[in-house]
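Using the hints provided, position chains B and C relative to the given structure of chain A.
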Amino acid sequence: MADNRPVFQADELIARVSELSKGRLVMRLIGPSVEVSRFMPPQAAGEGDMAFLTNAAYAEAMKASKASLIILREQDLSALFGDALPERSILVCDNPYAFFAFASQLLFRTELPPGVHPRAFVEEGAVVDPTATVEALAVVRAGAKIGARTVVKAGAVVGEGAQVGEDCIIYSNAVLERGTVVGSRCIFQPGCVIGGDGFGFAPFKGEWVKIPQVGRVVIGDDVEIGANTTIDRGALEDTVVGDGTKLDNQIQLGHNDRIGRHVVMAACVGIAGSTSVGDHSMVGGAAMVNGHIDIPAGSGIGPATAITGWGDKPAQKTGFFPAMEGRDFQLAAAMVSRLPSMRKELKALSKRVEELAALIRSAEE
Amino acid sequence: MADNRPVFQADELIARVSELSKGRLVMRLIGPSVEVSRFMPPQAAGEGDMAFLTNAAYAEAMKASKASLIILREQDLSALFGDALPERSILVCDNPYAFFAFASQLLFRTELPPGVHPRAFVEEGAVVDPTATVEALAVVRAGAKIGARTVVKAGAVVGEGAQVGEDCIIYSNAVLERGTVVGSRCIFQPGCVIGGDGFGFAPFKGEWVKIPQVGRVVIGDDVEIGANTTIDRGALEDTVVGDGTKLDNQIQLGHNDRIGRHVVMAACVGIAGSTSVGDHSMVGGAAMVNGHIDIPAGSGIGPATAITGWGDKPAQKTGFFPAMEGRDFQLAAAMVSRLPSMRKELKALSKRVEELAALIRSAEE
Amino acid sequence: MADNRPVFQADELIARVSELSKGRLVMRLIGPSVEVSRFMPPQAAGEGDMAFLTNAAYAEAMKASKASLIILREQDLSALFGDALPERSILVCDNPYAFFAFASQLLFRTELPPGVHPRAFVEEGAVVDPTATVEALAVVRAGAKIGARTVVKAGAVVGEGAQVGEDCIIYSNAVLERGTVVGSRCIFQPGCVIGGDGFGFAPFKGEWVKIPQVGRVVIGDDVEIGANTTIDRGALEDTVVGDGTKLDNQIQLGHNDRIGRHVVMAACVGIAGSTSVGDHSMVGGAAMVNGHIDIPAGSGIGPATAITGWGDKPAQKTGFFPAMEGRDFQLAAAMVSRLPSMRKELKALSKRVEELAALIRSAEE
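Protein chains in written order, with my numbering: chain A, 674 to 1038; chain B, 674 to 1038; chain C, 674 to 1038.
So here's chain A without its partners, still in its complex pose (with noise of 0.2 Å):
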């Protein structure tokens, strides 16, 4: 593959990851500026390629890397090298692996041609800006609208009303339903539905009486959500997710749902709805949140566990039965259901001990 691969100039590849990042990542080249087509680990590096420094453990591997340009922090500069640098060309960043990110973003972009094709069907009344790209067999309703440079690929359905903005992608199959409002630079994995009605019903004599689902999804933007995730539109008011949380696979959100931004789930995770995660959360895989509970902003639920409340401050939580090889699980489950009337005998054991010491000490008397 690296054949085909475009060749950057280093200088030219920093400017714009530097671009990419908002000018906050920072950075200087030492030595010339080489080409770079990709990165390799230290030891399999060679010309052409970059390698970066993250892990104290391949500091070794670097030094002796024959990689075009390495990339580590400063302090990691001075440890390995001293004051004797390398012959090669040297990037220090203060996050080599946000670099690594940014440029392998640029590597790996591939360019779409734009255009409606003929066989994809944008009803009338959609608008779908010259730049953006809308495949085959993919579908945009009336009423919706479709940024620059965004991608809808094959099978993809863009609902009735629904906006999205600048440079996303929108992978084959995946749904935005009706009414569903999203930013800029989001990633719709394929299967993804988005605006599938909440799940509220009255009940009524022993049934259940459906209640219309109005309010709808509003994604911010840099999100990305996962292949089959399930994003419910609000009941009455909207469902959430703020600028630049990833959501993996499978994961459903409950209607009303409100993530914050920068917000991470791991695949399978539950949250039912009314549901709030605060900023900068990251929430375990196959976690599973009950509805209407308030998460604060910088929180971390474990993997497997289930929440049913919280307080009013961040918290790691984590809860899930330990595996256990054979029987012993059989034993230990079964001991569970008799935690309480343990806790009763150790208690009135106690107490006996206790006597037994009085008729002791009143015998020595």
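Hints listed in this document are in silico derivations from the structure and should not be mistaken for laboratory results. Some hints could be false.
One copy or any two copies: either way a pair holds, since identical chains are not told apart in the list.
Below, in silico cross-link-like pairs of lysine to aspartate or glutamate (EDC-like), each with a Cα-Cα straight-line distance of 16 Å or less [stated by the list, open to error]:
#	residue 1	residue 2
1	K695	E880
2	K878	D916
3	K986	E998
4	K739	E720
5	K883	D894
6	K1017	D1001
7	K818	E797
Just chains B and C now, kept in the frame of chain A:
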């Protein structure tokens, strides 16, 4: 949005709600038949708005509400106003929340133009009622039947020989596989898969030989299936979902499951094969039920609860490890596996204490 | 349905089953080669039916069965009939259940007409074998290859450069993303997503920077992937699923997972990235496995079990909180967090009792 919303005469709306409820909602209008077009919270409601009371906490707000029509129960009417009825129109109703649900269905009804879109794919041998709607890029395979006023949205697939009743909605990219049978007034949210193969294999020399799954999925009337929910076809007999049952998103039902009538399941529930869930049962989110279990009617399963067996009586069962902060989880989890030995120690200690007590008694004598 | 089913001569069916089993199923026909067309339970079987015995509970029913062909093991034959063989044809087979599975594959085989439907979208540069079937509204992108007799059903998407072997079925709305590699005789149930991006981000000033996922998903022969299951492409290296592995619905595999051969996973399993699962392992429904874990061949994971580590030996591990009725759960769960203090109390009490015992001994002396 309110501007485009249809306006109803209160008495006309009440008559149509009565019809939707099959005459089971008890309603009595006091005062003139005002014009209404939406529901609002009591304190925000004004002319043309309806407000309903289900929660005593809003009684004062309701008393002061400027809604054109207020909906409450007989007992709340007298508690709030005694004999001094307000100047507003009042709907006395035995279930104001159900009224809200039914009336909202009328307020938010959207009619789609009937007919098969020229870019739909309706295979030869399919039968589509002339009042049904099949949108562009929707698929209806040979032998399938689509009932009156049913809507098959863009990207949805109705498989070979599938039968769909009247007034159903099959949202985008939902799949009803070959032979699926669906009643009337059912809703299939986007991306759900009805009638994928059950998971059946014969072990053979360390390998797994597929057993063709030749049963169907049979779904009753008034069923709703959530986004990306999957219901497998039966192995030989059918997988069955009863009338009025509501399934949230990302639920999995295995082959030969038999789900009763008016059951509700929250999102992310998984039920293995050949299990039955009785009428009017409620299953919490992310609950998991093993195969070959019969859960009696009227049972309840808590969220994130694993069910591996059941008795023969309806029950409410729950079980998940409590989430803890920081290191507390590690400590508690480590103890769980020692529970059997703790219990032994407790028993041994108890015995030892009684021995000492006997010693003391004999010393005293 | 039986009416349209093909009729087989027993000896012909046996020969074809033998072929399917690659000659590994040991079979011996006693009696004439009767006509057979379906399997039935022993007590319900009649002329033209086959009945097989795997469960001793059905021995008496089998003895009395009117099936045209009965299938059982050598030892069951002698146990049931001794030397007095019945008048019926008998297939003695070392694995009657595997015979049932293989034979059912032949009985329920459906042949689809080969060819690309005029309303399919096969992009220029895709290569479709002339014996393959690409249905209406199915998508095969540029550079993709579809092998002999493989079926791409309506709404399925085979991405750019994906390679699919022979005799596969890709059901409606399944997505095989760009570059996916698939062996032969694989089945993709509806809505599954193979090759969505892995979940990889670099932390940068409280935000998350996407790391392009440029590995692929590589799937062996005879693999089945369940409805709405998702398998992420690798970050740099590939995500791999070995020959003969069967994955149920709504499973999630993270980037760089390496699933061995002939593994079975029940529905709703989630496996985080860079984890390996050894050959012939079995994973119960809704089990969750953390990333970067190596599970040795032949291991087992119980249902609803969270795995956060493993040793280096195959094992059977299980762990989930037992479900309890009513208030019992609340009581037991509250105790779990007190387990460490209970253990301390128990230790302290134990020590105290020994002190008392010493006191008593010294008093006695």
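Hint by hint, which ones does the structure fall short of?
The structure breaks none of the hints.
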